[in-house]
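Peer 1: Line by line, the protein sequences give chains A and B. If you count the first sequence from 1, you need to add 342 to reach the numbering used here. If you count the second sequence from 1, you need to add 3 to reach the numbering used here.
The hints are simulated quantities; they were obtained by calculation from the structure and are not laboratory data. Check each hint, because a few of them may be wrong.
A few chain A residues that face chain B, going by a derived Cβ cut-off under 7 Å, partial list only [stated by the list, open to error]:
no.	residue
1	Y348
2	S400
3	T450
Take a look, some chain A residues computed to stay more than 10 Å from chain B by CB distance [said to hold, decoys possible]:
no.	residue
4	N386
5	L388
6	G431
7	T484
Computed from a prediction, not measured in an experiment: that's the story for all the values here. For every residue, glycine included, the Cβ atom is placed at its ideal position computed from N, Cα and C.
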Amino acid sequence: MPTPTYTPLATVTLASTTGTITFSSIPATYRDLILICQYTNDSNPLVRFNSDSGSNYSYVRMLGTGSTTASDVSVSQSGLAIATGSATGGQTSIVQIMDYSATDKHKTALIRNGLASTNVNASGNRWANTAAITSVTLQIGTFGIGSTFSLYGVIS
Amino acid sequence: MTLSALGIFSAAGAGGAAFSSDYELIETQILGSTQASIIFSNLGTYSSTYKHLQVRALVRDNRAIGVNVLAGRFNGDTGNNYTGHGLVGNGSTVTAFRTSEVDYLHAGLGAGANATSGEYSATVLDILDAYSTSKYKVTRSLTGVAGGPSVRLYSGLWLNTASITSVTLFDTTASLVAGTRISIYGIKG
Numbered sequence: 343m344p345t346p347t348y349t350p351l352a353t354v355t356l357a358s359t360t361g362t363i364t365f366s367s368i369p370a371t372y373r374d375l376i377l378i379c380q381y382t383n384d385s386n387p388l389v390r391f392n393s394d395s396g397s398n399y400s401y402v403r404m405l406g407t408g409s410t411t412a413s414d415v416s417v418s419q420s421g422l423a424i425a426t427g428s429a430t431g432g433q434t435s436i437v438q439i440m441d442y443s444a445t446d447k448h449k450t451a452l453i454r455n456g457l458a459s460t461n462v463n464a465s466g467n468r469w470a471n472t473a474a475i476t477s478v479t480l481q482i483g484t485f486g487i488g489s490t491f492s493l494y495g496v497i498s
Numbered sequence: 004m005t006l007s008a009l010g011i012f013s014a015a016g017a018g019g020a021a022f023s024s025d026y027e028l029i030e031t032q033i034l035g036s037t038q039a040s041i042i043f044s045n046l047g048t049y050s051s052t053y054k055h056l057q058v059r060a061l062v063r064d065n066r067a068i069g070v071n072v073l074a075g076r077f078n079g080d081t082g083n084n085y086t087g088h089g090l091v092g093n094g095s096t097v098t099a100f101r102t103s104e105v106d107y108l109h110a111g112l113g114a115g116a117n118a119t120s121g122e123y124s125a126t127v128l129d130i131l132d133a134y135s136t137s138k139y140k141v142t143r144s145l146t147g148v149a150g151g152p153s154v155r156l157y158s159g160l161w162l163n164t165a166s167i168t169s170v171t172l173f174d175t176t177a178s179l180v181a182g183t184r185i186s187i188y189g190i191k192g
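With these hints in hand, go ahead and build the complete structure from the sequences.
Peer 2: Rendered as structure tokens:
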């Protein structure tokens, strides 16, 4: 029997600038999380799980600038890079966090990000930790007024 | 700023109230042991319920390499009826490729046996207008393995107008291992 899902867990639209946004007390009810963001930020914001700011995140990324393409890889990041390049223009990021409540897997995330004035990019990411994710934090730089962030849960 | 996802979840209807959505889980398969493929075989049941299908997958296989192709087939079709394009980032360059009339669809990636222990690939694959009987079926996917390293965007085409009744996912050169999880969802339209 099909089961309705893609459940909205929490959403916020900023009425004032802030440097940190945390989704806390995430229940282990779901299989995947989807974080949808539309924002401005004056730096390069990161996503961190369970407040872990250690060098435990890695990624492979590709991007296009409108005239060139590039790909890079890193194995010791302090968070998932959801954007490339600081900007005041609005950007969109969709973060697919897979099997977030599993305790036998490192956590994998897919990110699609776009900033029309600069680039479009996609990345595969890993958090080298088998703990279930109970909080998701966006930080680094300042998020502007009107930025909006929504978190959804998907069962399996 | 801290938001309690638990609090919002409760308010959204978890406390006994029915949750309504146009995105529904159809089936999940989680492997407890090595297996050649995963097949979702009863999709024809939902031809009047959904417009699109979405596959969400975490895959690891037993080939001694960092990353492998996760292949797909519809309705058990093993003919050379699949075409597609790929955009590939490997950590240093971005390349593109095209496949023409081959016997499988590029659906995603699997983390190989040489990937870091505990690492699985991630794939989100959309199958658009899956139950149409007048259109060739088109797909798109985003997939990646950080330790591969590889991140890819795929587009796919099945040269067939038949309504989809089954989806098969497999590795072309290896078997899927325990812990691999693939779920399929229906999207109303």
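Peer 1: Of all the hints numbered above, which does this structure not satisfy? Sort the numbers upward.
Peer 2: none
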